[in-house]
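Under our numbering, the residues of the sequence shown are numbered 9 to 179, in order.
Calculated directly from the structure, the hints in this document are not laboratory data.
All residues carry an ideal CB built from backbone N, CA and C; glycine is no exception.
Check the hints yourself; a few may be wrong.
To be verified - Beta-carbon label-pair distances, calculated as ranges:
#1 PRO114 x ILE14: 37 to 47 Å
#2 PRO91 x ALA153: 12 to 22 Å
#3 THR19 x SER44: 34 to 44 Å
#4 ARG23 x LEU83: 20 to 30 Å
#5 THR13 x ALA153: 51 to 61 Å
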Amino acid sequence: MTVSTIELRVTDADRRIARYAAAAIALTVAEAALPSPLPGVKPGLANIVVLIVLLRHGWRDAAWVSLLRVLAGSLLVGQFLAPGFFLALAGALASLAVLALAVRLPQRWFGPVSASVLAAFAHIGGQLLLARLWLVPHDGVFLLAPVFGLSALVFGIVNGLIAARMLKEEQ
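Working from the sequences, and respecting the hints, build out all of it.
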(Lines of atoms letter the chains of each structure in order from A and count residues from 1; the text may use other names and numbers.)
(Lines give C-alpha, C1' and ligand atoms only; values in the text may rest on other atoms or scores of the structure.)
Protein backbone atom coordinates (compact mmCIF):
# COMPACT_ATOMS: atom_id res chain seq x y z
CA MET A 1 0.00 0.00 0.00
CA THR A 2 1.38 3.35 -1.04
CA VAL A 3 0.61 6.34 1.08
CA SER A 4 0.69 9.63 -0.72
CA THR A 5 0.70 13.04 0.82
CA ILE A 6 -0.54 16.29 -0.48
CA GLU A 7 1.72 19.18 0.19
CA LEU A 8 0.26 22.65 0.08
CA ARG A 9 2.50 25.56 -0.64
CA VAL A 10 2.04 28.38 1.86
CA THR A 11 2.71 31.79 0.36
CA ASP A 12 3.64 35.06 2.01
CA ALA A 13 0.12 36.27 1.20
CA ASP A 14 -1.32 33.26 3.06
CA ARG A 15 0.78 34.09 6.10
CA ARG A 16 -0.23 37.75 5.93
CA ILE A 17 -3.93 36.88 5.73
CA ALA A 18 -3.52 34.42 8.62
CA ARG A 19 -1.92 37.12 10.81
CA TYR A 20 -4.65 39.62 10.07
CA ALA A 21 -7.37 36.99 10.53
CA ALA A 22 -5.86 36.01 13.89
CA ALA A 23 -5.99 39.64 15.02
CA ALA A 24 -9.60 39.98 13.84
CA ILE A 25 -10.57 36.70 15.53
CA ALA A 26 -8.96 37.81 18.80
CA LEU A 27 -10.93 41.07 18.68
CA THR A 28 -14.14 39.15 17.93
CA VAL A 29 -13.63 36.87 20.92
CA ALA A 30 -12.74 39.80 23.19
CA GLU A 31 -15.80 41.72 22.00
CA ALA A 32 -18.05 38.73 22.75
CA ALA A 33 -17.06 39.14 26.40
CA LEU A 34 -18.15 42.79 26.50
CA PRO A 35 -21.59 43.53 27.93
CA SER A 36 -24.07 44.93 25.43
CA PRO A 37 -26.97 47.27 26.25
CA LEU A 38 -28.98 45.65 23.44
CA PRO A 39 -28.37 42.30 21.74
CA GLY A 40 -26.57 42.90 18.48
CA VAL A 41 -25.14 46.29 19.41
CA LYS A 42 -21.38 45.81 19.39
CA PRO A 43 -18.50 48.06 18.40
CA GLY A 44 -17.29 45.76 15.61
CA LEU A 45 -13.63 46.10 16.53
CA ALA A 46 -12.59 43.36 14.09
CA ASN A 47 -13.83 45.60 11.30
CA ILE A 48 -10.84 47.86 11.97
CA VAL A 49 -8.60 45.00 10.86
CA VAL A 50 -10.75 44.34 7.79
CA LEU A 51 -10.56 48.03 6.82
CA ILE A 52 -6.79 48.10 7.20
CA VAL A 53 -6.45 44.96 5.07
CA LEU A 54 -8.81 46.42 2.48
CA LEU A 55 -6.84 49.64 2.16
CA ARG A 56 -3.39 48.02 2.32
CA HIS A 57 -3.90 44.83 0.33
CA GLY A 58 -7.22 44.99 -1.48
CA TRP A 59 -10.73 43.59 -1.34
CA ARG A 60 -9.84 39.92 -1.88
CA ASP A 61 -7.58 39.78 1.19
CA ALA A 62 -10.14 41.75 3.23
CA ALA A 63 -12.83 39.25 2.22
CA TRP A 64 -10.68 36.34 3.36
CA VAL A 65 -9.95 38.01 6.70
CA SER A 66 -13.60 38.90 7.25
CA LEU A 67 -14.95 35.45 6.41
CA LEU A 68 -12.26 33.64 8.40
CA ARG A 69 -13.10 35.90 11.34
CA VAL A 70 -16.78 35.01 11.16
CA LEU A 71 -16.10 31.28 10.84
CA ALA A 72 -13.35 30.92 13.45
CA GLY A 73 -14.87 33.49 15.80
CA SER A 74 -18.18 31.62 15.83
CA LEU A 75 -16.38 28.35 16.53
CA LEU A 76 -14.44 29.88 19.43
CA VAL A 77 -17.45 31.51 21.09
CA GLY A 78 -19.69 28.48 20.53
CA GLN A 79 -22.03 30.04 17.99
CA PHE A 80 -21.16 28.04 14.86
CA LEU A 81 -24.34 27.32 12.86
CA ALA A 82 -26.45 29.07 15.52
CA PRO A 83 -28.55 32.08 14.50
CA GLY A 84 -25.77 34.43 15.65
CA PHE A 85 -23.38 32.83 13.16
CA PHE A 86 -25.77 33.36 10.26
CA LEU A 87 -26.48 36.93 11.35
CA ALA A 88 -22.75 37.65 11.53
CA LEU A 89 -22.24 36.04 8.12
CA ALA A 90 -25.09 38.04 6.56
CA GLY A 91 -23.63 41.23 8.01
CA ALA A 92 -20.13 40.39 6.81
CA LEU A 93 -21.31 39.56 3.28
CA ALA A 94 -23.36 42.76 3.02
CA SER A 95 -20.44 44.75 4.39
CA LEU A 96 -18.00 43.17 1.92
CA ALA A 97 -20.35 43.93 -0.97
CA VAL A 98 -20.50 47.59 0.02
CA LEU A 99 -16.72 47.75 0.57
CA ALA A 100 -16.20 46.38 -2.95
CA LEU A 101 -18.02 49.48 -4.19
CA ALA A 102 -16.58 51.89 -1.61
CA VAL A 103 -12.97 51.30 -2.68
CA ARG A 104 -13.94 52.57 -6.13
CA LEU A 105 -15.10 55.95 -4.79
CA PRO A 106 -12.77 58.95 -5.24
CA GLN A 107 -10.15 58.79 -2.48
CA ARG A 108 -10.07 62.57 -2.34
CA TRP A 109 -13.50 62.59 -0.66
CA PHE A 110 -13.90 59.03 0.60
CA GLY A 111 -11.44 57.39 2.96
CA PRO A 112 -11.35 54.91 5.83
CA VAL A 113 -14.04 56.70 7.86
CA SER A 114 -16.60 56.82 5.07
CA ALA A 115 -15.83 53.21 4.08
CA SER A 116 -16.25 52.16 7.72
CA VAL A 117 -19.59 53.95 8.08
CA LEU A 118 -20.90 52.50 4.81
CA ALA A 119 -19.76 49.01 5.84
CA ALA A 120 -21.33 49.38 9.30
CA PHE A 121 -24.70 50.36 7.80
CA ALA A 122 -24.50 47.48 5.33
CA HIS A 123 -23.64 45.09 8.15
CA ILE A 124 -26.67 46.14 10.18
CA GLY A 125 -28.85 46.12 7.08
CA GLY A 126 -27.81 42.57 6.20
CA GLN A 127 -28.46 41.40 9.74
CA LEU A 128 -31.87 43.07 9.98
CA LEU A 129 -32.92 41.68 6.62
CA LEU A 130 -31.92 38.14 7.58
CA ALA A 131 -33.58 38.50 10.97
CA ARG A 132 -36.81 39.62 9.29
CA LEU A 133 -36.74 36.88 6.66
CA TRP A 134 -35.77 34.05 8.99
CA LEU A 135 -36.00 34.73 12.71
CA VAL A 136 -38.71 37.35 13.24
CA PRO A 137 -41.47 36.96 10.64
CA HIS A 138 -42.86 40.41 11.40
CA ASP A 139 -41.99 43.90 10.20
CA GLY A 140 -41.68 44.99 13.83
CA VAL A 141 -38.02 43.98 13.66
CA PHE A 142 -37.43 47.12 11.59
CA LEU A 143 -38.45 49.24 14.58
CA LEU A 144 -34.94 48.49 15.86
CA ALA A 145 -33.38 50.09 12.76
CA PRO A 146 -32.91 53.56 14.32
CA VAL A 147 -31.08 52.14 17.34
CA PHE A 148 -28.90 49.91 15.17
CA GLY A 149 -28.42 52.73 12.67
CA LEU A 150 -27.20 55.10 15.37
CA SER A 151 -24.78 52.47 16.68
CA ALA A 152 -23.57 51.80 13.11
CA LEU A 153 -22.92 55.51 12.63
CA VAL A 154 -21.07 55.96 15.93
CA PHE A 155 -19.01 52.77 15.75
CA GLY A 156 -18.43 53.21 12.02
CA ILE A 157 -16.92 56.64 12.63
CA VAL A 158 -14.83 55.49 15.61
CA ASN A 159 -13.54 52.37 13.84
CA GLY A 160 -12.81 54.35 10.68
CA LEU A 161 -10.85 56.93 12.65
CA ILE A 162 -8.83 54.20 14.37
CA ALA A 163 -8.11 52.51 11.03
CA ALA A 164 -7.12 55.83 9.45
CA ARG A 165 -4.78 56.59 12.34
CA MET A 166 -3.15 53.16 12.13
CA LEU A 167 -2.72 53.49 8.36
CA LYS A 168 -1.22 56.96 8.75
CA GLU A 169 1.25 55.80 11.42
CA GLU A 170 2.47 53.13 9.03
CA GLN A 171 3.62 55.69 6.46
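Item to check | Structure versus earlier hints - violations, ascending order | outcome: Per hint list: zero violations.
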